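S.K.: Spelled out from the first residue to the last, the chains are:
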Amino acid sequence: MSRYIIRRLLQAIPLLLIVSIILFALTMNLGDPLATMGGRRATRPADRERLTRQLGLDQPMYKQYLYWLIGNDWERIDLDGDGEAETQGTRQGVLRGDFGNSMMKRGQTAWEVIWERVPNTLLLMIPAEIIIITFALLIGIYSALRQYSAADHVITALSFIGYSTPIFFFALISIYLFSVNFKRWGLPSLPAVGMFDPQVGKTTGQVALHMILPVLTISFVSIAAYSRYIRSTMLEVMNQDYIRTARAKGLHGRYVIFVHALRNASLPIVTLIGLDLALLLGGALVTERIFAWPGMGRLFLDHMQRMDVPVIMGILMLLSLSVIVFQIITDLTYAVLDPRIRYE
Amino acid sequence: MRNLKWSVMLIGLLILSLVLAACTSTGGETTTSPEATTAVEGVAPVEEPGGEEPAEDMAEGERKIATFIWTQEFDSLSPFYTNMWFSQVTRQLWNVWAWDYDENLNIIPVLVTEMPTEENGGISADGRTLTFKLRDDIVWSDGTPITSEDFVFTFEMALDPANTVNSTYPYDQYESIDAPDPQTVVLTSAEPFAPWEATLWHSLLPAHVLRPVFEADGTLDNAEWNLAPTVGAGPYRFEEWESGSYARFVKNENWWGPEPNIDEIFFRFVPDDASQVAALQNGEGDLGTFISWSDFPTLESAGLDMRTVSSGFREGWFFFLGDEQIPGHPALQDVRVRQAIAQAFDREALIQDVLLGLTKPVETLWDDTPFVSPDIVPWQYNPEAANALLDEAGWVDSNGDGVRDKDGVELVLVHGSTTREIRQDTQAVAQQQLAEIGIGLELQSLDSTVFFASYGENGPTYTGEIDIQQWSDVTSFPDPDISYWLCSEIPTDEYPDGTNNFRICDEELDELFRLQATQTIPEERIATFHQISKLMHDQVYWFGVWDDPDGWAIGPRLQNVRLSGVTPFFAITEWDISE
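Chains A and B are the protein sequences, given in the same order. Going by the working numbering, the first sequence wraps up at 344, each residue one higher than the last. Going by the working numbering, the second sequence wraps up at 579, each residue one higher than the last.
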């Protein structure tokens, strides 16, 4: 098993390198980070020319990638534009743990910018994922066991509604219903934006209260999709001979469902969850934006708009690494769930 | 049993994450002001923090806290590392401009005793030297006096190549800076620099804090102060900034001006427009900005005070005339065609129907300022006059297809803008109205990153692909200076950063624009701009569609709010909260 894990991790190194080259080429073509720099007017030509040189944006793409990967402290650069490289480079490169400085938030490294948001994203996404998995399992299994019953039809209808509702629409509807209209009607209302009310302060209660609507929004759509998937895999397993055999042996119904059926149905579900967990760090782009939740999704959008390559690359590489790690964990989980699978 | 264990672990994890989020001051890290009220080591403050009761000792319920909703989070709080309006405006709370502008654009000296003029000797006879006299009672928030040394340091840091500042303007217009005494700053330029009043000293760096950083690091690029400006010079001082969430400013106990009524100001970052409206309706914010026209009625009915404040932006049509290198549409070379277009588009009706009557048409980029010629006759909607002008210019519908033509060229123009909804609506109205006088419009609606792409990137506004561009722009407001009508600004392969993407080179206009940039006597400059504005209006080099003021929403708790289009928070100390 250990050899398998080490082998997979070693295989990940060239994979990450190739991924980084592709992502870097793509992000470099997103646009001009100096076009307006967040201002309401275009950057003055003289400043654009100076900053292009100072920030190393005048270098060819392969060289900028090399700087990102291995740094530029091995050569001198021309900061004052006199044509003479007089200043020693200071970047160490990703391979030495330096993701570079954020071009948007000058004074912070890309890693610092990203790391600030990770706890907020996990705070939002972990409860949402727990709710999604729990409710999707319950609804999916219930629906599968009562195939074509009235309850199954109702769940199916609701699932399709949930699955086909755009997440931004559900988010805005929930804000207007539970925040704006509930308050107007004199009912207890939920906060619409942020992590806490500044008038009250950042208490556990405030954070929990502000989590309700975004978590609900993320969960709603995903539960609908997951429950359909679980229903179909459960139905497939429930029709297998070994389930009939288990029942014929006189095993208790629940035991058959949860030990024999669910365990065998869980392999494809684990694959799905494995992918989802890997992307937890990416946050929820739309939900975080609408509910003004300070997570990774919003960070990515904000820095994407400003073409902040060091931060964008940092986030994307973190997600790539996360996908690889969780795929290994998923593969190991297969072995736990299915004794026929062995990694020797 | 094993399932139960897992459930307990998961619930425990959830509770733990909630507790951690609440107990730490941040979800991640918060940039805070660790010594905001204490003096910098080695520098003796001139006085102890103010005699008023420290804010921290007050009961939470007694504190007046205002929440402002910002739809964009600042990138930096340092004046040199941001171009963002949201940061520049916030700076007025904690790092005041040397002078403010009130709601009528009158100047209010803040750090200086008076504005330099020729009469008081502040402007030299040749217009090249400016002398500023500083107040002698101004101090940083840590109690250290603000002196001319801070001005010199600010100037030097803007121009030092070791700092990758966003802009060196306007400091790069000057040759030298001198500080003959702690209360005097002297700037000298090679040529008189007319826009100094609107562009100089929008911020100040505390030399006693940042000089040691610069000396140690060789640059200010990575200074902690950029994101946590612990020492400032406004009625409020920086307290904390949690990335993506909020920034908090509290009363500056060492502020020398009138004491603010509001104890704390939170800037809450809400990036989505619809969410901002919901939060304002819900009372989760006391102030909102950049409210779209269509949301005005909703917020007004929710009890918010809706205001429009001009910050000098005007929405207009820019005509691509082209030149030998990149030719424009032949019809647009004739001023009569441009004048016909100006009279064929009913701006009043558009503003009433689409913009809910909340703004007005404009004639020049300088409307409502002294720089507009009084001789300008506004363009009126007059399709008959437009038809007559086109006939006179020789553009007639010779082939009966409903579109005018001349020498085999159809009068079909490409009208391009960004995907902003209001612009798309305007394009549709323009297409319909110009069709009535036989001008065909092909519409292009492009993402702003594509629309505003540069010459080097073959941007559509540079290549001649778009004949009429619609967007909103501003001069160095409230200064009238604007550089992109100069012939020298026409972009070429040798000068791809040129801003005159319309390729308009009018020698008379060019000369006038060059002249005004050096005129430091206001009356003379106004006279020049009267000629500029009249020439540009009558030649229809730019056709103003609507005044594009900033929309502000003021919640019912906020009182005494006065807003300026240049320095919105100039009267922040008067603002109050009433429950």
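In short, the hints are calculated from the structure, not lab data. Bear in mind the structure is a predicted one, so any value in this text is a computation, not a measurement. Each residue gets a CB set at the ideal place from its N, CA and C atoms; glycine is no exception. Incorrect hints may appear among the rest.
As the list claims (entries may be wrong) - Listing some non-contacts, in silico: residues in chain A with all C-beta distances to chain B over 12 Å: (1) Leu15; (2) Leu23; (3) Leu158.
Said to hold, decoys possible - Below, simulated SDA-like cross-link-like pairs (lysine to any residue); rule was C-alpha separation at most 20 Å, straight line: (4) B/Lys360 to B/Trp293; (5) B/Lys534 to B/Val335; (6) A/Lys63 to A/Tyr4; (7) B/Lys406 to B/Asp391; (8) B/Lys133 to B/Pro161; (9) A/Lys63 to A/Thr36; (10) A/Lys183 to B/Ala198; (11) A/Lys63 to A/Leu17; (12) B/Lys133 to B/Phe155; (13) A/Lys183 to B/Glu300; (14) A/Lys249 to A/His260; (15) A/Lys183 to B/Ala302; (16) B/Lys64 to B/Gln539; (17) B/Lys64 to A/Asp197; (18) B/Lys64 to A/Asp98; (19) A/Lys183 to B/Gly303; (20) B/Lys534 to B/Ile577; (21) B/Lys360 to B/Tyr381; (22) A/Lys183 to B/Val354; (23) B/Lys133 to B/Asp178; (24) B/Lys133 to B/Glu119.
S.K.: Identify every previously stated hint that the structure contradicts and give their numbers, smallest first.
M.R.: 6, 8, 9, 10, 16, 18, 20, 22
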